[in-house]
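Undergrad: Sequence:
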Amino acid sequence: MKMIQLTILFIGILTTFSACKKDDKTIPTVISTGNDPNFTIVANSDTGFSNFNRKVVVFGIDIYAVATVEDAKLLHAVNIMAQYLDNDEDGTVDNQLVLNKMLENKAFLVMWKNESDLNIEPPSDRLGQDLGNDETHPSFVPNGNTGPFDASLEEVLHIINNAGHSFAYPNAFGQNVGSDLANAMDIARGGQFMTIPSQYPANAWYTYYDQTCDYASCQTIEYLYWALTSMLGAQENRLDEIDNEWRLNTRQKVEDTDTAIFSILTNPIYKMPTVLPDGSYKQ
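My numbering puts the sequence shown at residues 1 to 283.
In case anyone wonders, no lab produced these hints; they're calculated from the structure. There could be a bad hint or two in this list.
Straight-line distance between alpha carbons at most 27 Å, and here's what the computed DSSO-like set of lysine-lysine pairs gives [unchecked claim]:
id: 1; residue 1: Lys253; residue 2: Lys271
id: 2; residue 1: Lys282; residue 2: Lys106
id: 3; residue 1: Lys271; residue 2: Lys282
id: 4; residue 1: Lys282; residue 2: Lys101
id: 5; residue 1: Lys101; residue 2: Lys271
id: 6; residue 1: Lys271; residue 2: Lys106
Keep in mind it's a predicted model, so treat the numbers as computed, not measured.
Modelling step: build the complete structure from the supplied sequences, incorporating the hints.
TA: Have a look at this one:
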């Protein structure tokens, strides 16, 4: 997970475009619909995102892309965002409070092709996340959750959880010691480890060893991703790939073993997704 916050620095079909004005308001130039009935790619000139020449707005959330990101992959990430936020696909977000917090935090996603694309400094009042073109695999879910994993299922969820759930429900999803999420994570890790242990207890099922991933802002969000996507079916065929970090790769395993997080994620108050996004919002 590579979360972008505050002033942390980021390590085609396009032709020239310009903005037009209507009633003294700048109207972004449409670049392409990309054969998507719901979303349009428009030119981007937002402050702090000069590397990213186009974007799509999903329920008010900006998803930016550099020129070398494929249109199909940009629109796929857009559809994943839409399906996570409007999981029943009725045209209205499922949890308005979560979206409101994302909008307050000016949440965004940036899509890159080369790591040098991330050498930017976003405005300090925005929370963001990045997603790589080459780690985005639209065929993963349609092919029965097999083949190269689609990282949009992870990175899009991270920004929703980080900028949305953590602020909407701090007691439940707060990225701090003592939140319901952190307490459940302590059980999953076999203890409350403020730093990465040299070896997790044998009975732990969440064993993330990334030394750059701190307890509060990283381990909790990563844990939430593993639990929810396992419940949605994304990890069902990936145990051999992921068991060094996460062992409960199905909904049944989460329900049987991690009762704390299962109880949180199935609480109807939070309106968490119940269907795994497949990249085909309202199509």
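Undergrad: Give a verdict on every hint.
TA: To see whether the hints hold, each was checked on the structure:
1. Lys253 <-> Lys271: 21 Å, holds
2. Lys282 <-> Lys106: Given pair Lys282, Lys106 holds - Cα atoms ~25 Å apart, limit 27 Å.
3. Lys271 <-> Lys282: With a Cα-Cα distance of about 19 Å, the restraint between Lys271 and Lys282 holds, given a limit of 27 Å.
4. Lys282 <-> Lys101: 24 Å, holds
5. Lys101 <-> Lys271: Since the Cα atoms of Lys101 and Lys271 sit roughly 15 Å apart, the hinted pair holds (cutoff 27 Å).
6. Lys271 <-> Lys106: 22 Å, holds
In the structure shown, no violation is registered for any of the earlier numbered hints.
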